[in-house]
Amino acid sequence: GAVVSQHPSWVICKSGTSVKIECRSLDFQATTMFWYRQFPKQSLMLMATSNEGSKATYEQGVEKDKFLINHASLTLSTLTVTSAHPEDSSFYICSAETGERVTEAFFGQGTRLTVV
Amino acid sequence: DQQVKQNSPSLSVQEGRISILNCDYTNSMFDYFLWYKKYPAEGPTFLISISSIKDKNEDGRFTVFLNKSAKHLSLHIVPSQPGDSAVYFCAAQFQGAQKLVFGQGTRLTINP
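Just so you know, the protein sequences line up as chains A and B, in that order.
Quick note: the first sequence uses the working numbering, first residue 1, plus one each step.
Quick note: the second sequence uses the working numbering, first residue 1, plus one each step.
Bear in mind the hints are in silico, worked out from the structure with no lab data behind them.
Ideal placement from N, C-alpha and C gives every residue a C-beta, glycine not left out.
With a straight-line cut-off of 27 Å between C-alpha atoms, the simulated DSS-like cross-links for lysine-lysine are:
1) A:Lys20 <-> B:Lys99
2) A:Lys66 <-> B:Lys99
3) B:Lys71 <-> B:Lys56
4) A:Lys64 <-> B:Lys99
5) B:Lys5 <-> B:Lys54
6) B:Lys38 <-> A:Lys20
7) B:Lys99 <-> B:Lys54
8) A:Lys55 <-> B:Lys99
9) B:Lys38 <-> A:Lys41
10) B:Lys71 <-> B:Lys99
11) A:Lys41 <-> B:Lys71
12) A:Lys14 <-> A:Lys64
13) B:Lys99 <-> A:Lys41
14) A:Lys41 <-> B:Lys5
Taking beta-carbon pairs under 8 Å as the criterion, some of the chain A residues facing chain B (in silico):
15) Thr32
16) Ile93
17) Ala105
Listed next, the stretches of chain B that the computed footprint assigns to chain A, with coverage defined by at least 3 CB atoms under 8 Å from CB atoms of chain A:
18) 44 to 55
19) 92 to 103
So here's chain A without its partners, still in its complex pose:
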């Protein structure tokens, strides 16, 4: 099946710093990528939808200035958590689709962010 690689798998950063998470589709071109966040024992919550070459669409309640998304190419999307705070500590997961209405979204491995 299709492979989506997410990097890093875990990161610890200090409050006030910024962290960038990369999501790459390795063997297909992803016109659309999605960024999710998961708190412990809770569901995957969609943060934003990113389309190649255009601005991301953020879900209600997600601060676009805090969570910067860039989808510069058909194989790479990045999520930058700016001025991170401890409450941003969470598990972030990306998924990628080919642009058709596919039945399976291919997920990255996830990134565990801990802000200290």
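Use these hints to put chain B onto chain A, whose structure you have.
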């Protein structure tokens, strides 16, 4: 507002028996449903899906049942194996939309 709900946070089943995971949804506009399996610190992997025009889809040990009138779907795993121990998420998709709406997940533990 949780549109997709998995009311059982955990389930424990004996190896070889049937595991039944349940999922309820509130929005009748969902027209596609998917089940994902997730191990700790990994992304979800797709298991099986069902269109709203069907009431059953089977793939090996996994069968998904959809009851549209009750807005309920279930995933049956038979026989259950230790490697099935994971968190299972159901997800729903609106017609014409790409994004998925996930339930909270159910942690399945298969006991030897």
